[in-house]
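Q: Using our numbering, the final residue of the sequence shown is 748, and nothing's skipped along the way.
Mixed in with the good hints, there may be bad ones.
[Stated by the list, open to error] Taking CB as the label site, the calculated pair distances span:
| # | residue 1 | residue 2 | range |
| --- | --- | --- | --- |
| 1 | D729 | A689 | 35 to 43 angstroms |
| 2 | D601 | E695 | 36 to 44 angstroms |
| 3 | H721 | R603 | 36 to 44 angstroms |
| 4 | A638 | L687 | 38 to 46 angstroms |
| 5 | R603 | V726 | 28 to 36 angstroms |
| 6 | D659 | P679 | 19 to 27 angstroms |
| 7 | L606 | P679 | 45 to 53 angstroms |
| 8 | D658 | A594 | 26 to 34 angstroms |
| 9 | A614 | T692 | 35 to 43 angstroms |
| 10 | S584 | F613 | 40 to 48 angstroms |
| 11 | V723 | A614 | 36 to 44 angstroms |
| 12 | A608 | V723 | 29 to 37 angstroms |
| 13 | L687 | A614 | 41 to 49 angstroms |
If you are wondering where the hints come from, they were derived from the structure by calculation, not from laboratory data.
Backbone N, C-alpha and C define an ideal beta-carbon position, used for all residues, glycine too.
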Amino acid sequence: MVSPLEESFPLALQVVDAAKVVEADVREDLRAGREPFARIMAARREVPDGGALVVRAIFEPAPLYKVMEKQGLAHHTERLADDDWRVWFYPEVPVLDVRGMEPPEPLSHTLNAVATLPEGGVLVQVNVRVPQFLLPKLAEQGCTHEVREVAPDRVHVFIRRASPAVATSLSA
Numbered sequence: 577m578v579s580p581l582e583e584s585f586p587l588a589l590q591v592v593d594a595a596k597v598v599e600a601d602v603r604e605d606l607r608a609g610r611e612p613f614a615r616i617m618a619a620r621r622e623v624p625d626g627g628a629l630v631v632r633a634i635f636e637p638a639p640l641y642k643v644m645e646k647q648g649l650a651h652h653t654e655r656l657a658d659d660d661w662r663v664w665f666y667p668e669v670p671v672l673d674v675r676g677m678e679p680p681e682p683l684s685h686t687l688n689a690v691a692t693l694p695e696g697g698v699l700v701q702v703n704v705r706v707p708q709f710l711l712p713k714l715a716e717q718g719c720t721h722e723v724r725e726v727a728p729d730r731v732h733v734f735i736r737r738a739s740p741a742v743a744t745s746l747s748a
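Just need the whole structure built from these sequences, with the hints factored in.
A: Given below as structure tokens:
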């Protein structure tokens, strides 16, 4: 299984859970002259919410970029060799990297970003530790959160603005 947690990758890709990555290696199909589009789209349907699709091909599959963009997915392309391309398709979510900030900057920056989230919107904070002071403030703002400690010095906090009905039940 490939991991999207590479420093050179876009932050929105880095925060994808590796367990939610689905791969479609179509290199042999292409070499045999078979059309891989149906297989790629079948793999796309298997990707869980918040996950990513990885397509391996023998050339850069540029026409696929627009198809996936219409489904709300961004892409990141790696040329591993002349005939080996790996393309990641992932949801473009706002990511706030607060790793280089001193307290209380991460808290204030995150709360400002949360204030602009639409109902049901998601924001991911990348931090060096679990932000203990932020978590209760998120509940006050009508948000739910999930904390993933992905490395000793890297934490991803997934923040979702709840609908008004859910926010009311959370505060009751």
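Q: So, for every hint listed, does it hold in this structure?
A: Hint-by-hint comparison with the structure:
1. D729 to A689: 35 to 43 angstroms: The hinted range 35 to 43 angstroms is violated for D729 and A689, with Cβ atoms some 22 angstroms apart.
2. D601 to E695: 36 to 44 angstroms: 38 angstroms, holds
3. H721 to R603: 36 to 44 angstroms: 39 angstroms, holds
4. A638 to L687: 38 to 46 angstroms: Distance hint for A638, L687 holds at roughly 40 angstroms.
5. R603 to V726: 28 to 36 angstroms: Holds - the Cβ-Cβ distance for R603 and V726, about 29 angstroms, lies within 28 to 36 angstroms.
6. D659 to P679: 19 to 27 angstroms: Once the Cβ atoms are compared, 49 angstroms apart, the range 19 to 27 angstroms for P679 and D659 is violated.
7. L606 to P679: 45 to 53 angstroms: Cβ of L606 to Cβ of P679: about 51 angstroms, so the range 45 to 53 angstroms holds.
8. D658 to A594: 26 to 34 angstroms: 27 angstroms, holds
9. A614 to T692: 35 to 43 angstroms: 39 angstroms, holds
10. S584 to F613: 40 to 48 angstroms: 29 angstroms, violated
11. V723 to A614: 36 to 44 angstroms: 38 angstroms, holds
12. A608 to V723: 29 to 37 angstroms: 45 angstroms, violated
13. L687 to A614: 41 to 49 angstroms: 45 angstroms, holds
Checked against the numbered hints given earlier, this structure breaks hints 1, 6, 10 and 12; the rest are met.
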